[in-house]
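Colleague: Given the coordinates of chain D, assemble chain E onto it according to the supplied hints.
Number of protein chains: 2
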Amino acid sequence: METEQTLLLIFVAFLAAKLGSEIMERARLPSMMGEIMAGIVLGPTIFNLITADAEFFDVLAQLGATFLLFTVGMETKISELKKVGLVATSVAVLGVVTPFVVGYYVSMFLFSSTIEAMFVATALVATSVGITARVLEDLGMIHTLEAKIIIGAAVVDDILGMIVLTLVSGIAKGDLTTFNVAVVVGEAVCFIAIVTILGTRVVKYASGKRNVHSDRTVNGAWAVHYSTGAFRRDSWLDRLTQKQAPFVIILVVIFGLSALASFVGLAAIIGAFFAGLIFSDTKETYELEQKFEPLNVFLVPFFFVAIGARVALGSSSDIIPFAIILTVVAILTKLVGCSLGAMTRGERTAMIVGAGMVPRGEVGIVIAMIGLSMGTIGLSTYSIIILVSIATTLYTPFLIKTVVKAEAKNKR
Amino acid sequence: METEQTLLLIFVAFLAAKLGSEIMERARLPSMMGEIMAGIVLGPTIFNLITADAEFFDVLAQLGATFLLFTVGMETKISELKKVGLVATSVAVLGVVTPFVVGYYVSMFLFSSTIEAMFVATALVATSVGITARVLEDLGMIHTLEAKIIIGAAVVDDILGMIVLTLVSGIAKGDLTTFNVAVVVGEAVCFIAIVTILGTRVVKYASGKRNVHSDRTVNGAWAVHYSTGAFRRDSWLDRLTQKQAPFVIILVVIFGLSALASFVGLAAIIGAFFAGLIFSDTKETYELEQKFEPLNVFLVPFFFVAIGARVALGSSSDIIPFAIILTVVAILTKLVGCSLGAMTRGERTAMIVGAGMVPRGEVGIVIAMIGLSMGTIGLSTYSIIILVSIATTLYTPFLIKTVVKAEAKNKR
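So the protein lines, in turn, are chains D and E.
If you read the first sequence in this note's numbering, its first letter stands for residue 1292, the second for the next number, and so on.
If you read the second sequence in this note's numbering, its first letter stands for residue 1292, the second for the next number, and so on.
Bound-form chain D, shown alone (with noise of 0.2 angstroms):
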C-alpha cells in the first residue's frame, strides 16, 4: 500500500472514531459505540476502506489494545484482584459452562454438523476484557467492586476459553490427547504466577520501593539517605542515560509480556494487563497515566474501529435470523451463569457482574478466524459470529445501565 493510502485511511479512520465518539458522548452513550459504528461504515458494508488487505490497520488496533488492558492493569491493584480472586473463578467457571452447553444444544438446530455448532459454542464462551473496560471506564465504574470481578473474571475466562477452544480444535483436528491440554492450562498457569510473583518483586527493586515524594537525583546515582541509617541503592531506572527511561523500560515489559502471553497461547493484551498490574504501585512514581493516556487517544481508537470493519452484511442478509438467536443465547447465558457465579456478594453486584460479561468483542471474532482457517466453520457460521460478536459488544452499555438504574429502583 503506498504512503498517500496509508496516511489518508489513518487520517479518515482517526476522525470518524472521534466523530463517532463525540455523537455517542452528546447522546450519553459509552464512545466506544461511535468508534465500533464507524469502523462498521469504513468497514465492507458501507464504503470499503478498511479492508483484510490493510495489515497494517490490524496492527495499529493490537497497539491500541495493548495499552488500554495496560492502562486498565495499572488501575488494578493485585491486592484488590486477589480478594475477589474466588468469586471471580465461581463467576468465570459458570460464564463459560452456561454459554458452551447452552450454545452448543442451540447450535446442534441451526448447523449440519457436531463440530461447527462445538466451535460456535466456543465462540460463545469468549468475554473480551477490553472491551468491557472500556465500558466500565465510559461509564466512570472503573474503581468499583463490580468492575474488578468483572476483570478478574474475564482473565480466568481467557484461560478456560483457551482451554475450551484446545479440546474442540483438538476433536476437530482428530489429536486431542490429555498432554496438549496439559500444556496449554500449565503454561498458561505458569506465566501468570511467574508474571505476578516474579515481576512484582523485580518492580519493587528496580524502582528502589522509592516513595513518590523522595528526591530525585540527577542522573540516578547513589542516593545516601543518612537520616534513614541506611545506604540505600536508588532507583536502577534512574541510572540508564537514555532519555525517558523508566518510560522505556516499561514499554519493553508491555511488548515482551503480550508477546510471552500470546506464544504460551493466552491473549496478546492479557501478557499487557499483567504488564500494568505488576507496575501499578509505580505510577504515580513515573506518572504513567500522564504517558500512557496520548498513547491511548491516538491508538485505542484503531481497536473498535478493526472490530466494527469485521461486520460484512453485503452477502449474508439470510444469516440475519441466526445470528438474532444466537446474539439472544449469547446475552442470556453469559447474563444468567455469571450472575449465579457473583451471587454471593448480592443481587445488584451480581447482576452488574453478568452484565458485564456479555460483550464477545474481538476475541469472539478471533475464534471465528481460527475456525475458518482451520476450514471447520464456512464462511456463513463465520459471518454469523461475527454479528454475534459486534451485538453483544454493542447491547452490553444498554444492559449495565439498564441493570444499575434498575437496581436502583429496587432499592427505594
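Where hints are given, some of them may not hold.
You can't tell identical chains apart in this list, so a pair holds if it fits in one copy or across any two.
Stated by the list, open to error - Each computed DMTMM-like pair below joins lysine to aspartate or glutamate, with the alpha-carbon atoms no more than 25 angstroms apart:
1. LYS1574 with GLU1584
2. LYS1373 with GLU1313
3. LYS1495 with ASP1609
4. LYS1702 with GLU1638
5. LYS1696 with ASP1466
6. LYS1464 with GLU1295
7. LYS1696 with GLU1638
8. LYS1368 with GLU1407
9. LYS1464 with GLU1293
10. LYS1495 with GLU1313
11. LYS1574 with GLU1313
12. LYS1696 with GLU1316
13. LYS1368 with GLU1293
14. LYS1495 with GLU1580
15. LYS1464 with GLU1316
16. LYS1700 with GLU1578
17. LYS1368 with GLU1584
None of these hints come from the bench; they were simulated from the model.
Modeller: For chain E alone, kept in the frame of chain D given last:
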C-alpha cells in the same frame, strides 16, 4: 503475519533500538545512530527479521517520522523561519544544483546509461529533514540559528528535489511536459502558502488566542469576560465533549496535512512539519510537548530502525567501491554547495549548515525505490543508493561535531 510474530518483532525492534541508543549515548554519540545500527543488525544483512513483507513496520516508521516532524515544526516559529527564508533558499538551491551536476558527471563514469546516472544524481539531491532534525536535537542545537536555516533549507530542498524527480522521471518515461512540471510546482507552493497563511489564522481563532494563564471553563461553555468590557467566545476546541479534545483535533490535522502533502507530491512528513508550525503558538496552552513526547519515545525509533533495515549487504560486496566513491561525492557536494549558500551568515554558520544538509536518509531510499519500481535503475544501483543514504546519515553527526570543534578552535 500472526499476532505473536508481529508483537515479537515490535518487542525486539524496540528493545534493540533502545539498547543501541543507550550504547551510543554512553559513547556521547547521537542516539539515532544506535537506532539505525539496530536496524542494520535486524535487517537482511544479519538476522533478517525485518523484511520487506512486514508492511506494518513501514507504517510504524511512517508514524514515527510524522510525530518527529510535527515536534520539530512545533519548536519552530514561522517568524523565525521567515527571517532565514532568503538564506535557506540559497542554501537549498546551491545544495540541489551542486550534487546533481557533480553527481551526474561522476555517475556517467560509473554507470552505463545516461538515465541511470540522472537517477543517481537525483537521489544525491535529497536531504532528510527528519534525520537532520534529530541529529540537531541529539546535539542540543535545535534552537540555534543554524538549525533554523537547515530546517528551512531542508523544506525548500524537498520541493526542489521533487521538481528534479518529476523532470528525471519525465525524461525516463518520455512524457516530460512543461505542464507537468508547472502542476507539481504549483501544487507544492499552493499547499505551503495555504497551510501557513490559513492554518495559522484558523488555529489562532479556534484556540481563542487564549493566554496560557487564562481560566479554563469546565465543558468549554461561553466565557464572558466583563473585565475586558467585551463578550469573548472561549475556544471552541474546549466545547467538544470529547476527552482531550484539542489533542484529538491536532492529531486529525497532523494526519490530514500529511496525507494532503503526500497527494500534492511532497513528502508526507513535510505536512506534519507544517502542522507543527501552525500549532507552535499554542504549544504551552495545550501542553503539546508533554503529550507528544510519549508518542515520540514509542514510535520514532521505528523510523530509524526501518532505515537501517534497508541495508542488504550480503549479495552485493562488489558494489562497495561504487558506494564509497558516491558517498564521498554526496558529502562533498552538499557540504560545499550548502556552505556557499549560507556564506552571508559567516563562515562558522555556513560550515555547520553545510554539514547539517548532508544526510540523505529515507528520502534517498524512497527515490531509489521509485527508480527500481520504474525499471530505470537496476538492483545493484538501488543497493548503492541505499548504502550512500545510510553512510551519509551515519557520518553527519561526526561531521557536525568536527565542524563545531574546528570552528571553536579557529575562534581562539
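Colleague: Does each hint hold? Answer for all of them.
Modeller: Structure-based check of each hint:
1. LYS1574 with GLU1584: both (13 angstroms within a copy, 17 angstroms between copies)
2. LYS1373 with GLU1313: neither (37 angstroms within a copy, 38 angstroms between copies)
3. LYS1495 with ASP1609: For LYS1495 and ASP1609, the Cα distance exceeds 25 angstroms both inside one copy (57 angstroms) and across copies (54 angstroms).
4. LYS1702 with GLU1638: within (11 angstroms within a copy, 82 angstroms between copies)
5. LYS1696 with ASP1466: neither (49 angstroms within a copy, 70 angstroms between copies)
6. LYS1464 with GLU1295: Between copies only: 22 angstroms across, 43 angstroms inside.
7. LYS1696 with GLU1638: Cα proximity of LYS1696 and GLU1638: one copy only (13 angstroms, versus 75 angstroms across).
8. LYS1368 with GLU1407: neither (40 angstroms within a copy, 63 angstroms between copies)
9. LYS1464 with GLU1293: between (40 angstroms within a copy, 20 angstroms between copies)
10. LYS1495 with GLU1313: between (40 angstroms within a copy, 23 angstroms between copies)
11. LYS1574 with GLU1313: Close across copies (24 angstroms), not inside one copy (29 angstroms); limit 25 angstroms.
12. LYS1696 with GLU1316: This pair counts as within: shortest intra-copy Cα distance 19 angstroms, inter-copy 57 angstroms.
13. LYS1368 with GLU1293: Result: close neither inside a copy nor across copies, 44 angstroms intra and 31 angstroms inter.
14. LYS1495 with GLU1580: within (18 angstroms within a copy, 30 angstroms between copies)
15. LYS1464 with GLU1316: neither (46 angstroms within a copy, 53 angstroms between copies)
16. LYS1700 with GLU1578: Answer is neither; intra-copy 40 angstroms and inter-copy 44 angstroms both fail.
17. LYS1368 with GLU1584: Within one copy, since 19 angstroms is at most 25 angstroms while 27 angstroms is not.
In the structure shown, a violation is registered for the earlier hints numbered 2, 3, 5, 8, 13, 15 and 16, in ascending order.
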